[in-house]
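One letter stands for each residue in the lines below.
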Amino acid sequence: MPGLQKKILIGLFAMTLLSPLGILLPKMFTSGKAWGEWSTEKVSKDNGYVPQGMQKDASMYNAPVADYNLGREQDPVWKQSGSYIISAVIGIGAIGLITLATIKLLPKK
Amino acid sequence: MHIPDGYLSPQTYLPLYAVFISFLSVAIKKVKQKLSVRLVPFMGMASAFSFLIMMFNIPIPGGSSGHAVGAALIALVLGPWVAVISVSVALILQALIFSDGGITAIGANSFNMAVVIPFVAYGTFKIIRGKSHSAQRISLAAFTAGYISLFAGAIFTATELGIQPLIAVSPDGRPLYSPYPLSVAIPVMAIGNLLVFGIVEGLITALLFKYFCKHNINLIEILKA
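If you read the sequences in order, they're chains G and V. Take the first sequence: its position 61, counting from 1, is numbered 71 in my numbering, and each next residue is one higher. Take the second sequence: its position 74, counting from 1, is numbered 239 in my numbering, and each next residue is one higher.
Because the hints were derived from the structure by calculation, they are not lab data. Remember, it's a predicted structure, so these values are computed and weren't measured experimentally. A couple of the hints might just be wrong.
Stated by the list, open to error - Result set (DSBU-like, lysine-lysine): computed pairs, CA atoms no more than 30 Å apart in a straight line: (1) V:K195 - G:K55; (2) V:K199 - G:K89; (3) V:K389 - V:K197; (4) G:K114 - V:K194; (5) G:K66 - V:K291; (6) V:K291 - G:K114; (7) G:K17 - V:K199; (8) V:K291 - V:K194.
One chain only, chain G, in its complex shape:
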């Protein structure tokens, strides 16, 4: 494998292991979700109601690993961190499969 590709893969691996920082830091600084990405409960609390269309559409799709969490929202931080790393691996695995499939589909020269 060419040197640069190897270095990039090592970098991606390091990012995967460090990814729980993405949930730990916001917890440490008691900051909330990204602006405009709240649940209907939060929207209801802030506005006194949930807009009709939002209520209807918000839960139209159930993702297999919602919020990068395989467990529950109340899980201890270490468990959520584990979930987060596994989620990263699932995401990268899916990207890897798509990449391999694309290489297979490439016309042989």
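Using the hints provided, position chain V relative to the given structure of chain G.
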């Protein structure tokens, strides 16, 4: 910047689906011409990089959080059309597997992050770099490309959210979808990106661009022209 289901009205998300799909099909056509066993693995790694960097939520103490996208760096290194494909693959997987971003909003989110950011970054870099070969000027151009492009993505996102109370209202006058007006959405998203997230995107873009320039200059799309 990942708009969830329920925040955009169909009259917003359907046209954005159409716009995104047009860009994606042009991107696929353009990239296909130079697609090679050499480029595809880099596209996959770019997609993984963008996927991962978006997992690093950066807090604004006591406020909301946000993240870099990595799309500016991908646009500079592999070209904006490759970035359209690599970043949208990451975004589509985030929506389908992790409900990070809504299913209905895949078009909007991909347009904001996988189209707006790469092209604004590419254009900004070209303008600031000019014809200079100075390493400092190139780093400045890369930083500004990341900084401005993330801001542009945020402004598009805020505008799409902010027009909802104007264009989708129930008979009793209440908003049907995102209830926050432009006068709230734009400043909040602009400030977060100008003060925090944009700086992170800029630094990542500048530092890693410098790294790639050092290690493999003939990979770099934007320096070829």
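Restraint status (C-alpha distance of V:K195 to G:K55 at most 30 Å): Answer violated: V:K195 to G:K55 is near 47 Å, above 30 Å.
Straight-line alpha-carbon gap V:K291 to G:K114, limit 30 Å: Cα-Cα ~35 Å, so violated.
Satisfaction of hint between V:K194 and V:K291, Cα-Cα up to 30 Å: holds (24 Å)
Pairwise hint evaluation, G:K89 against V:K199, where the allowed Cα distance is 30 Å at most: Roughly 44 Å between the alpha carbons, so the hint for V:K199 and G:K89 is violated.
Distance restraint between V:K389 and V:K197, which requires alpha-carbon spacing of 30 Å or less: holds (19 Å)
30 Å Cα cutoff - pair G:K66, V:K291: Not OK: G:K66 and V:K291 at ~45 Å, beyond 30 Å, violated.
Pairwise hint evaluation, V:K199 against G:K17, where the allowed Cα distance is 30 Å at most: holds (24 Å)
Pairwise hint evaluation, V:K194 against G:K114, where the allowed Cα distance is 30 Å at most: OK: G:K114 and V:K194 at ~18 Å, within 30 Å.
Hints 1, 2, 5 and 6 from the earlier list are contradicted by this structure; the remaining hints agree with it.
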